[in-house]
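Student: Letter by letter, the chains look like this.
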Amino acid sequence: MRFFWRRPRATAAVARERLQVLLAHERPLLARPDLLVALREDIMTAIAKHVKIETGRVRVKLDHGDTVSVLEIDIEIPNAFASVLAFGS
Amino acid sequence: MAKVVVVTSGKGGVGKTTSTAALGAALAQAGQHVVVVDFDVGLRNLDLVMGAERRVVYDLINVVQGVARLPQALIRDKRVDTLSLLPASQTRDKEALTEPGVARVIAELREKFDWVICDSPAGIERGATLAMRHADAAVIVVNPEVSSVRDSDRIIGLLDAKTVKAEKGECVEKALLITRYDPARAARGEMLNIEDVLEILSVPLLGIIPESEDVLRASNLGSPMLLTNDSTVPGRAYLDAAKRLNGEKVPIKIPSEKKSIFRLFGRRAA
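Protein sequence lines correspond, in order, to chains A and B. Numbering that gives the first Met the number 0 puts the first residue of the first sequence at 0, with every later residue one more than the last. Numbering that gives the first Met the number 0 puts the first residue of the second sequence at 0, with every later residue one more than the last.
Read the hints as simulated data drawn from the structure, not as lab findings. Small disclaimer: the values here were computed from a predicted structure and weren't measured. Take the hints with a grain of salt, since some may be wrong.
Stated by the list, open to error - Reference excerpt, derived from the structure (chain B facing chain A, CB under 7 Å, subset only):
1) V145
2) V148
3) G188
4) M190
5) L191
6) I193
7) D195
8) E212
9) D213
Backbone N, C-alpha and C fix where the C-beta goes; we use that ideal spot for every residue, glycine too.
Let the hints inform the model, and build the full structure from the sequences given.
Tutor: As structure tokens, then:
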């Protein structure tokens, strides 16, 4: 029986593989639908301790690739370094 | 202590309503007090599958809104008197289903019955999330087909996040009911087989309902599998699934191509 399951033309094998790849990508986000929001908040709190930032100037992005996922954090910090130091002290 | 079970799937047309009716009927025939609740507001069908479509007076939303009392809305099955139906509303807006209202109705049903089986609408919107909200256990109905498996995975995620049990840090018991399984096609590699589905979803198996003409026949007649004839192949599969739901240890037989042909002849000869 197993021989038949492994036939090259068996579309079920393709279905299984496609599902495994797809769900591996969908699951992490679904397990924590609030993951990005939570990450964003925590990152902001951490940075705001040292640097003055505006909430609207922070972008958090999660990209799912084939083998790895990339968490991208984009934070705009005001140019005047002096103001940063002033805030930090 | 009553047990609240949600029959859910994400995807439509996989057999939620048929399975709700069949599992409810099986448990009721075993002497348990069972209510099946239709959560598909606007598209009710459990009444039709149960053969009670002409007996609906009040519905779930009437009870939620306090227009009717629960006993007025419950329809007792004419064949098995331990089986009742709480129909959904066909006309009202699904927004009328409120979280506190549903909580109150479920609490009241828990007092009256051993089993409260909630037939979820398809999708992941309000009706579906409210149907699963108070569940102790979930029966996830899945067809061996890519879109159904993907949607089930999504629903499993919701069961682990959006239910009262999940929010209390507990876990909703989950079990898979694989329906419309065609052993011959699975053997030829044309359909995901049982191991594939279990491996992908990693949820324990409650039962396998083979693709069968008997399922349509039962809904044509408005007679859930088992209420008139429990000797059909899907009927027996539902009976076994109900026993497992009730905690009995019944070994799962994966239908094979050979066996189903044998059974077909057996039934015809009888």
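Student: Each hint needs a verdict: does it hold in this structure or not?
Tutor: Do the hints match the structure? See the list:
1. The restraint placing V145 (chain B) at the interface with chain A holds, with a minimum CB-CB distance near 5 Å, inside the 7 Å limit.
2. Hint status for V148 (chain B): holds, given a least beta-carbon distance of 6 Å to chain A, under 7 Å.
3. Among the interface hints, the one on G188 (chain B) holds; its C-beta lies about 3 Å from the nearest C-beta in chain A, closer than the 7 Å criterion.
4. Interface hint status for M190 (chain B): upheld, as the beta-carbon distance to the closest one in chain A is roughly 6 Å, under 7 Å.
5. With a least beta-carbon distance of about 5 Å to chain A, the hint placing L191 (chain B) at the interface is held under the 7 Å criterion.
6. Proximity of I193 (chain B) to chain A is violated relative to the hint, the smallest CB-CB distance being about 11 Å (cut-off 7 Å).
7. Look at D195 (chain B): its Cβ gets to within about 5 Å of chain A, closer than 7 Å, so that hint holds up.
8. The beta carbon of E212 (chain B) comes no nearer than 23 Å to any beta carbon in chain A, farther than 7 Å, and the hint placing it at the interface is violated.
9. Because the smallest distance between the Cβ of D213 (chain B) and any Cβ of chain A comes to about 25 Å, over 7 Å, the interface hint for this residue is violated.
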